[in-house]
Structures are given as C-alpha cells and as structure tokens.
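J.: In case you want the letters, here they are:
2 protein chains.
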Amino acid sequence: MDMNTTQHTSHQYNRELDDARSKLMTMGGLVETQVTSAIKALLERDSELGEKVAYSDYEINSMEVAIDEQCAEIIARRQPAASDLRLLITIIKVITDLERIGDEAEKVGRYAVETTESVTSGELHQSLRHLGDHVKTMLHDTLDALARLDVKQAMQVVTNDQQVDAEFEAISRQLITRMLEDPRNIKDSLNVTWCARSLERIGDHCKNICEYVIYLVKGKDVRHTNLDKMREEIFGSNG
Amino acid sequence: MDMNTTQHTSHQYNRELDDARSKLMTMGGLVETQVTSAIKALLERDSELGEKVAYSDYEINSMEVAIDEQCAEIIARRQPAASDLRLLITIIKVITDLERIGDEAEKVGRYAVETTESVTSGELHQSLRHLGDHVKTMLHDTLDALARLDVKQAMQVVTNDQQVDAEFEAISRQLITRMLEDPRNIKDSLNVTWCARSLERIGDHCKNICEYVIYLVKGKDVRHTNLDKMREEIFGSNG
Numbered sequence: 052m053d054m055n056t057t058q059h060t061s062h063q064y065n066r067e068l069d070d071a072r073s074k075l076m077t078m079g080g081l082v083e084t085q086v087t088s089a090i091k092a093l094l095e096r097d098s099e100l101g102e103k104v105a106y107s108d109y110e111i112n113s114m115e116v117a118i119d120e121q122c123a124e125i126i127a128r129r130q131p132a133a134s135d136l137r138l139l140i141t142i143i144k145v146i147t148d149l150e151r152i153g154d155e156a157e158k159v160g161r162y163a164v165e166t167t168e169s170v171t172s173g174e175l176h177q178s179l180r181h182l183g184d185h186v187k188t189m190l191h192d193t194l195d196a197l198a199r200l201d202v203k204q205a206m207q208v209v210t211n212d213q214q215v216d217a218e219f220e221a222i223s224r225q226l227i228t229r230m231l232e233d234p235r236n237i238k239d240s241l242n243v244t245w246c247a248r249s250l251e252r253i254g255d256h257c258k259n260i261c262e263y264v265i266y267l268v269k270g271k272d273v274r275h276t277n278l279d280k281m282r283e284e285i286f287g288s289n290g
Numbered sequence: 052m053d054m055n056t057t058q059h060t061s062h063q064y065n066r067e068l069d070d071a072r073s074k075l076m077t078m079g080g081l082v083e084t085q086v087t088s089a090i091k092a093l094l095e096r097d098s099e100l101g102e103k104v105a106y107s108d109y110e111i112n113s114m115e116v117a118i119d120e121q122c123a124e125i126i127a128r129r130q131p132a133a134s135d136l137r138l139l140i141t142i143i144k145v146i147t148d149l150e151r152i153g154d155e156a157e158k159v160g161r162y163a164v165e166t167t168e169s170v171t172s173g174e175l176h177q178s179l180r181h182l183g184d185h186v187k188t189m190l191h192d193t194l195d196a197l198a199r200l201d202v203k204q205a206m207q208v209v210t211n212d213q214q215v216d217a218e219f220e221a222i223s224r225q226l227i228t229r230m231l232e233d234p235r236n237i238k239d240s241l242n243v244t245w246c247a248r249s250l251e252r253i254g255d256h257c258k259n260i261c262e263y264v265i266y267l268v269k270g271k272d273v274r275h276t277n278l279d280k281m282r283e284e285i286f287g288s289n290g
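Line by line, the protein sequences are chains A and B.
With my numbering as the guide, the letters of the first sequence map in order to residues 52 to 290.
With my numbering as the guide, the letters of the second sequence map in order to residues 52 to 290.
What the hints contain is simulated information worked out from the structure, not anything from laboratory work.
Treat the hints loosely; a few may be bogus.
[Claimed, not checked] Derived CB-CB ranges, DEER-like: (1) B/Arg-224 / A/Glu-283: 26 to 36 Å; (2) A/Gln-213 / B/Lys-103: 17 to 27 Å; (3) B/Glu-99 / A/Ala-132: 42 to 52 Å; (4) A/Gln-177 / B/Ala-198: 42 to 52 Å; (5) A/Gly-270 / B/Tyr-64: 37 to 47 Å; (6) B/Lys-203 / A/Glu-232: 45 to 55 Å; (7) A/Gly-80 / B/Arg-224: 29 to 39 Å; (8) A/Lys-203 / B/Gln-207: 41 to 51 Å; (9) A/Ala-221 / B/Leu-81: 47 to 57 Å; (10) B/Thr-77 / A/Thr-77: 36 to 46 Å; (11) A/His-181 / B/Ala-198: 39 to 49 Å; (12) A/Asp-216 / B/Ala-117: 25 to 35 Å; (13) B/Thr-210 / A/Ala-221: 36 to 46 Å; (14) B/Glu-99 / A/Ser-61: 23 to 33 Å.
Note that CB positions come from ideal geometry on N, CA and C, so glycine has one too.
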C-alpha cells in the first residue's frame, strides 16, 4: 500500500487527494530544510544562517493553514470513504507536528545567534553534532515513512526516539559539568541546553508523526502503548 | 452560539455529537486536575503528589485515543454538514493539545520529585507561584472558552500567553543568577528551569486551543497571524 493505491471514480477527486498529499510532502521538505539549517547554524556558529532560520517560519505556517483548509474542504464536499477519511484526518494531524518542528528549528536558530561562546569543537560539539545528525535522520526517515506509508520504517523511528532522549540526557550532564567548571559558561550553556532540548522535541514530533502513519495503515491506535506491545502488534508476536 | 445550537433531525446523531463534546470536556477536566496537582507538587515539594502526577498520564492518553476514534467514526457514518464537521475537526485538534498539556504536567511532576533542594520560599518561589497561577487560570479560561465557544475569552487567553512568556524569561534570569551565586545550585536550578519551561509550554498549548476555538466560531484562520491583526479580525478595526 502506498499513497496512490486507492482508486476513485472521480478523476477530479483523485487530483484533489493527490494535491493534498503533495502539499504535505512539500511542507515536510521545507521543514527538513529549516531543521538542517538550524543545526548547521548552531554547530558552525553561522549567525547569519541562524537569523535566516529564526525569521522564515512564516512559510511553513501558511502551508499548515492552507493544507488544513484544503483537507476540511475535501471532507465536506466529497464525503470520503473510511480509508480516504483516515488519510485526510492523518494529514490534518501530521501538519500540526510538522509546524511545531518548524517552531523548534526557529528556536534553535534564535539560540544559535544568541550563543556568543563557540561550541565549534570539543566533546560537547561532538555530542551536539551526533544528536543533530540523529534528529536529521529521524526526520528524513519520518518523511519517507509518511510518503510511502511504510509501517516498518515508522516503527524504526519510534524506536530511535529513545536513543535521542538518551543523547539529550547525556548532553545535559555535559553541560552541567561545564557550568560547574566555570560559572561564566552558565548563560551560554543554558542556550545550548535549550537547543538540545529543541532537537529532542523534534524527535518527539517525528515519533508522533510515525505513530499517525502506523495508525493510518494498521487502523489500530498504537499511540501511548509501550514499544514492546507496539512491536508485537505490527510485526506479530515473534517480531 | 454555543455547542448546542445546531439542530439535527436525528436524535441519535445529536446524542453522538453531545457525547463527543462531553468527553472532550471530561478530558479537559482531567488535564486541569493534573496541571493543578503538578504545580502544587512543585511549589510545596510534595514528592508523593509529584509521583502520582508523573504516573497517571495513561488515563488522559486513553481518552485522547477514544475521542479521536469517536469523532472519525461520526464523520465517516454521518457525513456531517460543514459546521458540525468543523466542530469535529476542532475536537480532533484540541485533544492533541490537551494530551500534550498532560505530558507537560507529567514532566513537572517528575522534576518536582527530582528536585532535592527546597524552593518553598523566597523570590524564586514567588515567581514560580505566580507563573503557576497564571497558567492555571489560562487553562481554566481555555476550557471555559471551549465549552461556551466564547471567542472573546479565547482572544483574551491568546493575549495572556505573551505575559506567561515574559514571566518564564524572568524566572530564567533569576535561575541564572542563582546558579552564578552558588554552583551547587546548578542541577537543582536546571530542574526548576525545566518545570518553568513546561508551564510555559502549557500556556502555548492553551493558546493553540483558543486559536482553534476562534477558528471554529469565526471560520477564519487566525493562527499565525499577529495579535493586532487577530484583534482587528475578531473585534473589528476599532476593537
């Protein structure tokens, strides 16, 4: 099953659904660019890029509003069958998380500009780079799972989120040590903590989106169930 | 306009809509209790209460799933008219924010348990109490605006969120000073910072919910527009 399998008698209706899906993926691409730029701005102390990220959220926001309206309109006019309806409701939910990923990227951009001291090298920089890479991969895989409605990949992302949480905790500990060593680091370290927290939140939103994908495909609500139970539901008891 | 004005030929359909609305408000009440308890646990260093909040999120989560399913089913079976459809989509969106408010309360409860040093008095305690009171009022007003679909009240909440953000910034500065004064405060102050951040996030979610209420009633998308523009749209250019 992918996003194109369902056949409809009305070509126009098909085009409307395709258009909503394609807008969703465009929005996802924009969000991905924002996240990549925000992480780059943070790691390379590129304040010009940070500034750009911090003030270009509006495009994502207006896409959210447009897609929302479009989906509601299709539901109202077309009275879609259950499977299409589930797709449209999923899109409505997914764009909320995409928009909030954009918000977090914006925050990282803003903090990247404010952070005066360099974190361009050393252990902390490595940990941040690692977390950043991890989150970028998660987002990429999330958008991929969404485009192909790939439950296994979605499940992988949900599992990966625990690692991101652990990496965030490790960075928090590093930052506390850094603050203890030299109190002049406190303000700066807090800025980096906020960035790490935003990256961790992006991971959370990816997880949310992937749970919606699983829900859409499997028709079971896997949100809020624990991982083992979820794995069992998706891959069977030996999965 | 309130949640009961729309008349339907089918009594059964009416009952279904009423039931979804009433479940929404029940979920809102549960979330409110969680938030109140979390703030109490933090301010009074009541770790037993904190523990309780940190581990009773499941009830809210399962309500989210149930309401989601119920709304989707009503849309699928009843093919509601535009206004009912907007209501149902709004409910689907609102419960996501309610659930995330529950998550933030859970975090505050968890940090309240972890925070070993007392913040039960002094300037920081006052600021936290102030922020907590503010957020509780915001949530209460949000649920009220939601129950009565009261646009003016919703607008008030959206405006109040800026104050909550400012209070959070003030607490952040107090905590930095506290850390600078005595590095032994760092770990503890960070815990309090996370709590303040969670409270600020609860304010953000209230704002989101109120924007959905305004959208539902006014049929205009006021999300992501600036406050002045929003005020103008709702109260007219002299509002």
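J.: Now look at each hint and say whether the structure bears it out.
T.: Hint check results:
1. B/Arg-224 / A/Glu-283: 26 to 36 Å: Given about 48 Å between the Cβ atoms, the range is violated.
2. A/Gln-213 / B/Lys-103: 17 to 27 Å: holds, 25 Å
3. B/Glu-99 / A/Ala-132: 42 to 52 Å: Because 51 Å falls inside the window, the suggested range holds.
4. A/Gln-177 / B/Ala-198: 42 to 52 Å: Holds, since A/Gln-177 and B/Ala-198 (Cβ atoms, about 51 Å apart) stay within the stated range.
5. A/Gly-270 / B/Tyr-64: 37 to 47 Å: violated, 24 Å
6. B/Lys-203 / A/Glu-232: 45 to 55 Å: holds, 52 Å
7. A/Gly-80 / B/Arg-224: 29 to 39 Å: With Cβ atoms ~38 Å apart, the hint holds.
8. A/Lys-203 / B/Gln-207: 41 to 51 Å: Holds, at about 47 Å.
9. A/Ala-221 / B/Leu-81: 47 to 57 Å: violated, 34 Å
10. B/Thr-77 / A/Thr-77: 36 to 46 Å: holds, 38 Å
11. A/His-181 / B/Ala-198: 39 to 49 Å: holds, 46 Å
12. A/Asp-216 / B/Ala-117: 25 to 35 Å: The hint (25 to 35 Å, Cβ to Cβ) holds, given that A/Asp-216 and B/Ala-117 are roughly 27 Å apart.
13. B/Thr-210 / A/Ala-221: 36 to 46 Å: holds, 40 Å
14. B/Glu-99 / A/Ser-61: 23 to 33 Å: Since B/Glu-99 and A/Ser-61 have Cβ atoms about 60 Å apart, the given range 23 to 33 Å is violated.
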